[in-house]
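Asks: For the protein sequence lines, the chains are R and H, in the order given. For the first sequence, the working numbering assigns the number 121 to the initial residue and increments by one for each residue that follows. For the second sequence, the working numbering assigns the number 13 to the initial residue and increments by one for each residue that follows.
Just so you know, the hints here were simulated from the structure itself, not pulled from any lab data. Nothing here was measured: the structure is a model prediction, and the numbers come from that model. C-beta atoms are modelled at their ideal positions from N, C-alpha and C, and glycine is treated no differently. One thing to keep in mind: the hints can contain errors.
[Said to hold, decoys possible] Facing chain H, a subset of chain R residues (Cβ under 10 Å, in silico):
no.: 1; residue: Ala284
no.: 2; residue: Phe330
no.: 3; residue: Arg333
no.: 4; residue: Leu341
One letter stands for each residue in the lines below.
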Amino acid sequence: MTLKDRTAVVGIGATPYYRRGASVPETEMSMMCTAILAALDDAGLAVTDLDGFAIYSSACDPALVGSVLGVPEIRFAAGLTSGGGGSAGQLGLAAAAIVSGQADVVVSLMSLQQARRRLGGTEVDGRLAYLMAAGGGPYGGGGVQPSAAFTASSGLIAPGHSFAVLTQRHMHLYGTTREHLAEVAISQRNNAIRRPTSIQRTPLTLDDYFNARMINDPFCLFDYTLETDGAVAVITTSAERARDLRQPPVYIMASAHGGMGRWGPAIFSYFQAPDEYFASSGHRPVAKRLFEMAGVTPDDVDVALLYDHFSAMVLMQLEDYGFCGIGESGPFVADGSIRWPSGRLPVNTHGGNLSEAYIIGMTHIREAVEQLRGTAVNQVPGARIALVTGGPAALPVSGTLLRSA
Amino acid sequence: MAEVRPGVFPSPIAQPYADDTTQPFWDAALEGRLLGSRCNHCGTILIPPTPRCFNCQHVSFDWVELPGTGTVYAFTVVRHALGGYLQPVVPYVSGVVELDGTQGAGARMVANIVDCDPDTIAVGTPVRVVFDRVSDTLAVPRFAPR
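Could you build the full structure based on these sequences and the hints that come with them?
Replies: Dropping the structure here:
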């Protein structure tokens, strides 16, 4: 028995997307409530129906938000470990809760406000903050761990530094170029321009890309995610109940999370992955299980919403999900393959983290649902199957395949 | 703290926060020697040491001296200062070094690559460890082209 087709996403809700810090005087809690209520309303459900939280990246405290919203009874409250890598996989957790009879109506969400805190930066959190994190256990005495001294002075202090290292290796092995990275950034900007929700709506040319300041090689400004605020929530319920609700069901065909054990916690400290998957997104085994569960192949996917905190990681996911061979993603995108509407696999039709907004992967789930309902701004004609991913990030990374009714 | 030098990422720590499993590495570093932790059972070298060997799960290790040479496995040139304190430091090179005398993965070091023109570093550039004594208890391993 698997999760295949036994549950469906039935509601999506969101706040506007804001530039970093511009959501004030809203708070993460107020935006979270707005998104959850909007998602329930979208489904034709109410707070009194909600009984589960399946989250990732410690997105909320169900005890607190359940109390604030007046949820009558919480029957399931669980999250995937680690960070943004679990965004797509939280739908699998929701499905597991429902299929196992633990909950009926489950919310998954993220609410993000970066007014006082910037994700991935070390300046705001303090220079030692990142050294304090990796302890190996929740009660391990705190403080700086002995292993931290082995990486503290390396100068790799932000996620963009770490993923650039993987990217340089990819370029070395396969001849990937900055033009290939630019194609990801430009194709997604073209998609974002048409969406009223997008933060970046001005055209991006190849000249603009090559004239942009380098942040750290090979990444320039446009290879980096935006930093934004906002909240997105999605509601999942059983396939049976979904058929009676307001929106056409978007079925969860398959969901998987995890990754190769030695790819490990990619960010900051870990560069010990074996040669064969060092320059990868870490998604390869997740992709295999995902397609097996769904009983489809990469050729069956109509639109891919790939987690894009950095342009190059879209390339490596195209390889790891089998849309092209390992090392062939550069030529694949250079042929226009990921462009909407002409490419054979439109990617990040919403503009992604690079040009629409960064809500830690939630915008990708929202876009997948809109595509499969047939209501997307940049609609892929007749889209039936969508791939959504979370990460690359510290494991678990995740993927979910959704299909229309 | 040590003076700020272009290309040299200033160590954010002045002591190695060592325990019994890591102290020998830092003692050797102060003497300019690079050690690896070798599994007594299968010979896999681990940097940093961990409680178990990832290859065979055994628990017993000893220290072996490494030649201190290696090659750049992957890297980035950091040009944007993440914080004002790094303004006089950028551009600096940080990367992953694969060490001679090891099996490679599992014993790679993550380090600042110094004494170089950042634009000349490539995957495969031969490097050698250089220890920068930042306090009486900590010598930071960095690498320089050889």
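Asks: For each hint, tell me whether it holds in the structure or not.
Replies: Right, here's what the structure says about each hint:
Checking R/Ala284 against chain H: minimum C-beta separation of about 4 Å stays under 10 Å; hint holds. For R/Phe330, the suggested interface contact is broken, since its CB lies about 15 Å from the closest CB of chain H, more than 10 Å. Against a cut-off of 10 Å between C-beta atoms, the interface hint on R/Arg333 holds, since the closest Cβ of chain H lies about 7 Å away. For R/Leu341, the interface hint holds, since its Cβ comes within 10 Å of a Cβ in chain H; the closest pair sits about 9 Å apart.
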